[in-house]
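Use these hints to put chain U onto chain G, whose structure you have.
Protein chains: 2
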Amino acid sequence: MITYDLNIGWQADDEASMMMQDAFEQLVYERENAIAGYYNLPKSSKPIITEAKAFAASNDAVNNSDTIVVVGIGGSSLGIKAVDSMLRHKYPAAKRLIFLENPDPVDLQMKFSMIEKERSIFIVISKSGTTVETMSIFKAVLARFEIDLNKSDKDRIIAITDEGSALCRFVDTHSLKAYTIPHNVGGRFSVLSSVGIVPLTLAGYDTCSLLEGGASMVDRFFDAKEEHMLIKAAFIASNWREYRTNVLFAYGNSLEDFTKWYVQLWGESLGKIDRCGNRVGPTPAGHIGSVDQHSFLQLLMQGPKDKSVTFLKVEDFESSLKIPDIELKHIERVDYLNGHTFNELINAECDATMEALSKEEVPVDMIKLDKIDEENIGELILYYELLTSLVGSMLHVDTYNQPGVEMGKRILAEKFKKV
Amino acid sequence: MITYDLNIGWQADDEASMMMQDAFEQLVYERENAIAGYYNLPKSSKPIITEAKAFAASNDAVNNSDTIVVVGIGGSSLGIKAVDSMLRHKYPAAKRLIFLENPDPVDLQMKFSMIEKERSIFIVISKSGTTVETMSIFKAVLARFEIDLNKSDKDRIIAITDEGSALCRFVDTHSLKAYTIPHNVGGRFSVLSSVGIVPLTLAGYDTCSLLEGGASMVDRFFDAKEEHMLIKAAFIASNWREYRTNVLFAYGNSLEDFTKWYVQLWGESLGKIDRCGNRVGPTPAGHIGSVDQHSFLQLLMQGPKDKSVTFLKVEDFESSLKIPDIELKHIERVDYLNGHTFNELINAECDATMEALSKEEVPVDMIKLDKIDEENIGELILYYELLTSLVGSMLHVDTYNQPGVEMGKRILAEKFKKV
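So the sequences go chain by chain: G and U.
For the first sequence, my numbering assigns the number 1 to the initial residue and increments by one for each residue that follows.
For the second sequence, my numbering assigns the number 420 to the initial residue and increments by one for each residue that follows.
Chain G with its partners taken away, still in its complex shape (with noise of 0.2 Å):
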C-alpha cells in the first residue's frame, strides 16, 4: 500500500481547478484515443509475461543461465534498473542483471570481465533500433563474446524493439527472437512493456503483481480521479517558475536508481517548447536519505526558496538490525537511539527532515510506501507516469516527444564523417 501526503501550502483557485479538470479530461482522450500507450501496459503487458515464461523452460540458454546482459540506454535501462535496485535483496536467486548502457570504455571492460557467456543471455533493447550508443556495445559484444548469429549462439540473444524497426528487420534476418514495444509507448515509459516485462520475468522477479500494481494505480486514477495528484500537478505546473526544481528525496540506497529513472520521466517529457513557443519545465533532481542530508540539505533549508521537495520513505524495509545497546565513553550524547532499530532512525530522520523543511515554508510531500514489494513499485511507477502527463498536459506541451536531442545526434554524426 502507497499513500500520499500533501503540505504544500498552497490551496487550488478556480483556474487551478479547472486546470484540473481539462488536464484529467485530455489523460481520458490520451488513452481512449491510443495517443499514449502506457496507460493499458499493465494490463496490456500481461501475456508477455507467460510467453516469456515459455520461452524460458524451452530453451536451454535461459535455463543454464544465471545472468542476463541487457545492452540498451536511457529509457532502455533506467526503468529496468530500478525496479531491479530495488527489489534484489528480496530475490537472493534472482539471475544477475548487468546493464551495459554507456560507451566509457573503462566500464564496458570492467563489465566484460564479470560476464561469461556460457552462463548468459544478452537482450539489446532499442526503440528505433539505431541507437549509436547501444547498437556499437552490441557489436563489441558479438566481437568480445565470439557470438555467431547463424549458429547455436542465436539463442542467447533477444532483441526488444519497435515493430519495423532497422534493428526488427535484422532481427528477421537472423531468425532471431524478439519481442517489440507498442509504437505509442515512449522508451520513459515503457518499463511495463516488453522492455522491462521480460527482462524482469526472466530474471525471475514477479512481473504479475508489479502489472497488477500498475493496473490498481491507473484504475483508481480514471475511476476515483486521485485528487491529490491533480493538486500536485496544478501546483508544479502553476508554479514551477518560482519553484524551479523538484527534489525527490529517496530514503533508502535501493531508491536511488528510482530516483534517477524520475529525473528521466520528468526531463525528457516536460522540458519543452510549449504551443506558445516557451522554453517551460521544472528540474528534476533525485537525492538519498539519510546520506543527503549531510550535502544537499543545507541548501534546501538555507538557500533560495526554488525547490520544492518529494519525500520518499519506506516505512517497512522489514529488517530487524538494531543500534547495540552499546555505552561508548565520552559519546553518551547519542546514547538515545540505542535499541531502537535503524528502520526507524532512517524514518525518523525522513520525518524530521521534512518537518524542518516544513518549518521554513518549503513546499514539501511524502509518498509512503508500507513496504517494498512488486505491487507498489507498480503503482509507484504509474503515479509518476500519470503525474508527469497530468502536468505536461498542463504546461501545453507534448509530454511524449523528445525533439531537444536529435540536433546533439547530427553534430556527433557529422564529427565521424569529416573524419
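It is worth saying that the hints were derived from the structure and are not from the lab.
Note that this is a predicted model, so its numbers are computed, not measured.
Take these hints with a grain of salt, some might be off.
[Claimed, not checked] Pairs of lysine to aspartate or glutamate, EDC-like flavour, derived with a Cα cap of 16 Å: (1) 177/G to 60/G; (2) 724/U to 242/G; (3) 225/G to 351/G; (4) 90/G to 318/G; (5) 371/G to 316/G; (6) 177/G to 148/G; (7) 837/U to 335/G; (8) 836/U to 332/G; (9) 790/U to 735/U; (10) 724/U to 148/G; (11) 418/G to 754/U; (12) 417/G to 763/U; (13) 828/U to 355/G; (14) 834/U to 335/G; (15) 834/U to 351/G; (16) 43/G to 212/G; (17) 409/G to 770/U; (18) 536/U to 565/U; (19) 329/G to 591/U; (20) 834/U to 344/G; (21) 305/G to 242/G; (22) 305/G to 361/G; (23) 53/G to 155/G; (24) 836/U to 344/G; (25) 787/U to 754/U; (26) 415/G to 774/U; (27) 417/G to 751/U; (28) 724/U to 763/U; (29) 596/U to 572/U.
Just chain U now, kept in the frame of chain G:
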C-alpha cells in the same frame, strides 16, 4: 594535465572585475590567517602519508587485510569514494573499500555480509565524533563483528576526528589508533586531510601525487590568479538568479561519485543566508554522459534557460576498446562508427552535446583531464574547492559553516527522546 575552456558568453565588466579582485584577496586573507585550512592541506598532509605507511608496515591487522571499511557520512565519505571510484580500475591490487554511510538496514546488512573481520580494518570518521548515523553504525559494527576494544581487535580500528572531540576522547580511553583533522578544515573540504589520505594510502593509492596535484593548483592560483576561475566564479555569483542550476555533466561512469562530492561541496557551502539576510546560492546537479543525453539533455536543450553546464571530459581513458568493424544488416546507419574506439565515441558525444547547447546559448564550459591519474584528481579537487570559496566570497556568505542542518538534528533527537 587539465585544461579549462570557458564558453559562457559573458564578459566581466568593471564591477565584476572589482568583485574578482576582492574575492581573490579574501582567499589570500583566509589562507594567511588560517580561516580555512584546506589551502594548506596539499603540503601539510604529506607527513600523514609517511606515518600511515609506517603504521601499516608495523601493524599485522593492516598487513593482512584486503578490505578497508570506512564508517562515515557526508564529508567523511564522499571525497574518499570519489577518488576511489576514479582510480579503482588502475589499481587492481588496491585494498577494497567498503563504505558504511547510510543508516539503511538493507544496505548495511548486505555490506556486513561482504565483510570478513579477519581480513578487514575499520576506519571510523567523524569530525564532531557525535554524528548519529556514524556512531550508530559503528556500534552495529562492534556488535556484528564482536570487536573487543580492549584486546587485540583494537588493532583493526582507526579513528579520524577533530582533536578534543568526543570520539577523540573515546579513542584515548581505549588507546586506539587515531588521526586528527585540523579544526579549520570542514568535512566537505577534508578529502586531502587525514580523512582521505589515511584510507587512500592504506588502500594502496599514490596519495603523494594526489597532494602534488592539489599543491600545483593552489600555487598556480595564488601565484598566477588563474583568471578563468575568477571569471567563472564571477559569472556564477552574478547570474545565479538567472542560471539557477550548474550541471556538472561528467563523461564516464567512474566520475559519478566525483559529481556527488561536487554537489555536497557546492550545495553545503553556497546555499546560505548572506550577510544581508537574503537566501542565496546556485543549485548543483551531477549528470553522467552519454547516459544522461538520453535523459536530462532534452530539458537542457529546450527547457527554460535557467542552467549553466560544466562538461568534465577525460581525453584518454587509456583503453583501446573498439567498435568492431561489423556490418549488421539493416542497421548500416551506424556503421560510420566502425573501427573507432569507444574513447573516441564518448568524447565525440561530449563535444557534440557541448556544441548543441552552445548553439542554444546555454552557458557552457569544459574541464579536460588528459587522463585519470592522481595528480589530475588532486588538481580537480582543489579547482573546485577554490572555485567554491571564490563564489562564496562573492555571494557574501560564510562558505565554511552549515547552520541549516542543525534544526533537523534537533527534531530527530526530540522524536526519540519523546518515545
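Evaluation of the provided hints:
1. A threshold of 16 Å between alpha carbons decides the hint, and for residue 177/G with residue 60/G the separation of about 14 Å falls inside it, so the pair holds.
2. For the suggested pair residue 724/U and residue 242/G, the alpha carbons sit about 14 Å apart, so the restraint of at most 16 Å is met.
3. At roughly 28 Å between alpha-carbon atoms, residue 225/G and residue 351/G are farther apart than 16 Å, so this suggested pair is violated.
4. About 10 Å separates the Cα atoms of residue 90/G and residue 318/G, which keeps this hinted pair within 16 Å; it holds.
5. The hinted pair formed by residue 371/G and residue 316/G meets the criterion: a straight-line CA distance of about 5 Å does not exceed 16 Å.
6. Note on residue 177/G and residue 148/G: the hinted pairing holds, with a Cα-Cα distance of about 14 Å set against a maximum of 16 Å.
7. Restraint check: the Cα-Cα separation between residue 837/U and residue 335/G comes to about 14 Å, which is no more than 16 Å; the hinted pair holds.
8. A threshold of 16 Å between alpha carbons decides the hint, and for residue 836/U with residue 332/G the separation of about 14 Å falls inside it, so the pair holds.
9. At roughly 5 Å between alpha-carbon atoms, residue 790/U and residue 735/U fall within 16 Å of each other, so this suggested pair holds.
10. Using a Cα cut-off of 16 Å, the hinted pair residue 724/U and residue 148/G is violated, with the two alpha carbons roughly 49 Å apart.
11. Of the pairs offered as hints, the one joining residue 418/G and residue 754/U holds, with about 14 Å between alpha carbons and a cut-off of 16 Å not exceeded.
12. At most 16 Å may separate the alpha-carbon atoms for a hinted pair to count; residue 417/G and residue 763/U meet this at roughly 13 Å.
13. Distance hint between residue 828/U and residue 355/G is fulfilled; the C-alpha atoms sit about 11 Å from each other, no more than 16 Å.
14. Only pairs whose Cα atoms come within 16 Å are accepted, and residue 834/U paired with residue 335/G is accepted, the gap being roughly 14 Å.
15. With a C-alpha separation of about 9 Å, the suggested pair residue 834/U and residue 351/G falls inside the 16 Å cut-off, and the hint holds.
16. Distance check on the hinted pair: residue 43/G and residue 212/G sit about 8 Å apart at the alpha-carbon level, within 16 Å; holds.
17. With a CA separation close to 11 Å, the supplied pair residue 409/G and residue 770/U stays within the 16 Å bound.
18. Restraint check for residue 536/U and residue 565/U: satisfied, since their Cα atoms lie roughly 9 Å apart, inside the 16 Å limit.
19. A hinted pair counts as satisfied when its Cα atoms are at most 16 Å apart, and residue 329/G with residue 591/U qualifies at roughly 10 Å.
20. A distance of roughly 10 Å separates the Cα atoms of residue 834/U and residue 344/G; the hinted pair therefore holds under the 16 Å criterion.
21. Proximity of residue 305/G to residue 242/G is assessed by CA-CA distance (about 8 Å); at most 16 Å being required, the pair is judged to hold.
22. Distance restraint check for residue 305/G and residue 361/G: the Cα-Cα separation of roughly 9 Å lies within the 16 Å cut-off, and the hinted pair is therefore satisfied.
23. Our distance criterion of 16 Å between C-alpha atoms is met by residue 53/G and residue 155/G, whose separation comes to about 15 Å.
24. A C-alpha spacing of about 13 Å is found between residue 836/U and residue 344/G, which places the hinted pair at or below 16 Å, so the restraint holds.
25. With a C-alpha separation of about 28 Å, the suggested pair residue 787/U and residue 754/U falls outside the 16 Å cut-off, and the hint is violated.
26. As the CA atoms of residue 415/G and residue 774/U are separated by approximately 11 Å, the hinted pair is consistent with the 16 Å bound.
27. Straight-line distance between C-alpha atoms of residue 417/G and residue 751/U comes to about 14 Å, which keeps the hinted pair within the 16 Å bound.
28. This hinted pair does not check out: residue 724/U and residue 763/U have alpha carbons roughly 30 Å apart, beyond 16 Å.
29. Proximity of residue 596/U to residue 572/U is assessed by CA-CA distance (about 12 Å); at most 16 Å being required, the pair is judged to hold.
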